[in-house]
Structures are given as structure tokens and as C-alpha cells.
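Here the protein sequences line up with chains W and F, keeping their order. Residue 138 is where the first sequence starts when you use our numbering, and the numbers rise one by one after that. Residue 205 is where the second sequence starts when you use our numbering, and the numbers rise one by one after that.
If you're looking for bench data, these hints aren't it; they were derived computationally from the structure. Bear in mind that the values here come from a model prediction, so they are computed numbers and not experimental data. Incorrect hints may have been included.
Stated by the list, open to error - Far from chain W, some chain F residues (derived; all Cβ distances over 12 Å): (1) F282; (2) T302; (3) R336; (4) G337; (5) G342; (6) V358; (7) A381; (8) R382; (9) P388; (10) L396; (11) D481.
To be verified - Label-pair restraints from in silico Cβ distances: (12) F/L329 x W/E190: 49 to 55 Å; (13) W/L161 x F/E459: 37 to 43 Å; (14) W/R261 x F/Y287: 35 to 41 Å; (15) F/L216 x W/L161: 32 to 38 Å; (16) W/L161 x F/A463: 36 to 42 Å; (17) W/K198 x F/L329: 49 to 55 Å.
Quick reminder that beta carbons are idealized off the backbone N, C-alpha and C, glycines included.
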Amino acid sequence: MAMSTKTVQQSVEMILVRQLASYLFVPVLVVDATGTVVFYNEPAERILGVRFEETGRIDPKEIDRLVELSADPSAGPEDSERPLATALQQRRPVHARRWLLRRADRVRLQVELTVFPIIDHEERLLGAMAMFWERHGP
Amino acid sequence: MKVMPYGVRGSLAAPGPSTARYGGNTSCVRVTGSDGTVLVLDAGTGIRSLALELPTGLSRVDVLLTHLHMDHIIGLGFFGPLYNSAMEVHIWGPASATLSLEARLRRYLAPPLFPVLLRDLPCRLELHHTGRGRFSIGAFRIQAARVCHPGPTVGYRIETETGSLAYLPDHEPALGARRFPADPEWTSGFDLAQDVDLLLHDAQYTREEYPGHAGWGHSTMHDALAFGRLAGVKHLAPFHHDPGRDDAALEKALEAAVAEIKPDFPVTPAAEGRSFDLA
Chain W
138 MAMSTKTVQQ SVEMILVRQL ASYLFVPVLV VDATGTVVFY NEPAERILGV RFEETGRIDP
198 KEIDRLVELS ADPSAGPEDS ERPLATALQQ RRPVHARRWL LRRADRVRLQ VELTVFPIID
258 HEERLLGAMA MFWERHGP
Chain F
205 MKVMPYGVRG SLAAPGPSTA RYGGNTSCVR VTGSDGTVLV LDAGTGIRSL ALELPTGLSR
265 VDVLLTHLHM DHIIGLGFFG PLYNSAMEVH IWGPASATLS LEARLRRYLA PPLFPVLLRD
325 LPCRLELHHT GRGRFSIGAF RIQAARVCHP GPTVGYRIET ETGSLAYLPD HEPALGARRF
385 PADPEWTSGF DLAQDVDLLL HDAQYTREEY PGHAGWGHST MHDALAFGRL AGVKHLAPFH
445 HDPGRDDAAL EKALEAAVAE IKPDFPVTPA AEGRSFDLA
């Protein structure tokens, strides 16, 4: 009897994060440790303008075709970092207040972005959870 | 390998004539390899009688704990080999984010809950953390992984050259799932159970009981059957029977679930003393 070779299952921590995200009102993206988007919830589908069933998981190189995230010109220096990469590389939460999200259909949204890394009991980095907060007004 | 349950009851021991057919002891299973290696899965109340039936001359035994809820460790203090200086006992189980396995076990094996301290046990005792990963004991190849259940909890996949067993006694893979089961990639426990010859799986609740117990870490009988089908198991033994369900009620509820799910594999409710031979 050979050991199972098809290791396709996500860790239970990531499974629970995805299930939590699917219940939240806030738009949430879940990425794995490589930055690949492995899930986004229905509120995120609304602001991204595309359904998860249509895209499936999104490679970090491909996400730019879907949305463009850039620092708002009025952002302060504390907002100039790359929130997702920072959260993954430095294993710390990041909150960016002034970001612009431009979708493939050219719709632009002002958003705040909260990203925190997902780290298991063995201090293994599993991914990150990114939450978008739509900003209204200046 | 031979798989022999000594305790199949969940949460609380439920001895008595109404549960005699399946047994009232809490989780404990002996797995014996063709080379004589003995694994003990969990240390519920069934472990006392298990110890009485260990082969004479056995010098090592490995106890694999899935988690440290009381029904899975309450028998540990009554496990004979721990008091035998000639025995080598290895206990495997999950640490928490802040406490080692030893520190967590000391909470039980110490006054006021128990009179004998862990450090005073005369056997040669070794503790091992199991979170995720693979290791070997004798002829057994073992894979551990965290599974969906409150607190640090693992399930085990145990393989030899001739057979495979998955042990998921406390497992709620349907928790929060919009549809269950859907995608193997997003199903807790799938890797452990995939294509095994025998799956011992939590089936504590009926579908009607579940809404009042969601998040407690246990499955319905329907979900256990559906999980087994998703994983492609060859035989399912529902396990962790609810302490409030007598033998007749257990059989009736399982028959109803099987009739509805129509699994394409045999379903045999786990019972004390009813072994499975995985040749």
C-alpha cells in the first residue's frame, strides 16, 4: 500500500479562514504563502467586478490584469508600502489607508486595506487575509 | 494490520445494558502490525482493558493521542504499561501554541485531578509532538495532520505494505462549509482519509441534533458518510457514538443515514471487541 501521493488538501487553518471569509460582509481575499489568491468572497467579487468561479485561483503575476492597486497620490509615507507583500515577507499586519483599486473595466475605487498574515501553531506562514474597506469622500 | 476498538463512545463513558452491543468506553483503539508493533490510538476509558490484553513480552508501546479532551486521555492514568519499569512507552500528541505536550498532560496527571505525577511514572516514558508530518513506528508509516475540531487536534493515517487506516475520531469537516462535501482541496482530513482501506470517523450526531452542536467538533452520520465517499474510502466505521444514544437508537439512526446517502462502501459501526483485519 503506497502512501498517498496526491496532496491537494489545504491546511485546516486555511480551510477555516476561507470558510470564515465566505460568511463576512467585508470584501476578503485569501492568499497562500506565495501570494497566490486562493479565494475571495462574494463582497470581494463585487468590488473586483469578477466572480471567483470565473477566475479560480490567481497567480501573483496575473492579478495585475484583474485589478491595479496603487497608492493614492494623497497617501502619506506610511501608506507607500506594498501591504500584501509586506504582510507575507515581514509576518506582520499592515493597514494601508489610501489606496486606489482600478478594475479591468476601468472602475476606480478608493479603498483602505488591512492585511494580516496567517501563521499556524508551528509558526509556519500559511498565507494572508486581505480585507478591503471602501472609502467614501476624501 | 489488525484494528481492535476498545472504546468507541464519544464525550463521556456510557456503560450499561442499553449500550452493551457497541460498548460504553470512550475512544481507544489498538492497532497491531504483522511484526508485533502495537499502537494505541487515544487513551479513553477503553485503554484499561486494552492494557490487560497486551501480549506478554511486549517491551514498547506507542500511544497516539489525537487531542487532549478528557474523553481521550482519561484512561491514561490507568494504562498498566506506564507503571512497568521494563516498558518503554511513547506518547505522541499535539502541543498547543504555548504549551508542550508534557505541560498539557501534566494538567491532568497531577493533583488534584490525579494522584500520580507524570514524572514519577516508572516506565521509560518519551513524549513526542505531532502536528503535521510523517514518521514511522515499527512497520507502520504514519501521517499526522491538524483537523477541524476545537483546540489542537490531529488525525492519523496509518499504513503498512498491505493496508491503510485513517483515524479521525473527533472531526467536523462540514463546519462552515456552504456545501458539504464539495472540493477535496478545501475539506479537512481529506489527505488523511483518501483511498484508505478503513476509516474510523466521528459520527456523533444525527442531522436533527447537529444545529444545536455546530462548532463542537463533531460530525453527523450523514456527513461522515459523505466524507467517506468524497475520500474514496473502502470501508467506514462510524465512531465516537453519542453517549446518550443506546444501541437500538444508534442502529436506527445509522440505517436511516445509509439509506439516504447510499454509500458504495460497507459501513460497520465501530464496536468494542469487533476487530477489522486489513490484510
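Results for each hint:
With a minimum CB-CB distance of about 29 Å to chain W, F/F282 clears the 12 Å threshold, and the non-interface call stands. The Cβ of F/T302 sits about 9 Å from the closest Cβ of chain W, inside the 12 Å cut-off, so the non-interface label is violated. A Cβ of chain W approaches the Cβ of F/R336 within 12 Å, the least distance being about 8 Å, so the stated non-interface status is violated. Here F/G337 does not stay apart from chain W, with its beta-carbon only about 9 Å from theirs, under the 12 Å limit.
The claim that F/G342 lies off the interface holds: its Cβ sits roughly 15 Å from the closest Cβ of chain W, which is beyond the 12 Å cut-off. The non-interface label for F/V358 is inconsistent with chain W: the shortest C-beta to C-beta separation is roughly 10 Å, within 12 Å. Not every CB of chain W lies more than 12 Å from the CB of F/A381, the least distance being 6 Å, so the non-interface label is violated. Not every C-beta of chain W lies more than 12 Å from that of F/R382, the closest at about 6 Å, which undercuts listing it as non-interface.
The claim that F/P388 lies off the interface is violated: its Cβ sits roughly 6 Å from the closest Cβ of chain W, which falls inside the 12 Å cut-off. A beta-carbon of chain W comes within 12 Å of the beta-carbon of F/L396; the shortest separation is about 8 Å. Chain W leaves F/D481 outside its interface by the beta-carbon criterion, the shortest separation being 14 Å against a cut-off of 12 Å. In this structure, F/L329 and W/E190 meet the distance hint of 49 to 55 Å, their C-beta atoms being roughly 52 Å apart.
Between W/L161 and F/E459, the C-beta spacing of about 39 Å keeps the proposed range 37 to 43 Å intact. Distance hint check: the CB atoms of W/R261 and F/Y287 are about 38 Å apart, consistent with the given range 35 to 41 Å. Separated by about 35 Å at the C-beta atoms, F/L216 and W/L161 satisfy the suggested range of 32 to 38 Å. A C-beta distance of roughly 37 Å is found between W/L161 and F/A463, which places it inside the suggested range of 36 to 42 Å.
A C-beta distance of roughly 52 Å is found between W/K198 and F/L329, which places it inside the suggested range of 49 to 55 Å.
In this structure, the hints that do not hold are numbers 2, 3, 4, 6, 7, 8, 9 and 10, in rising order.
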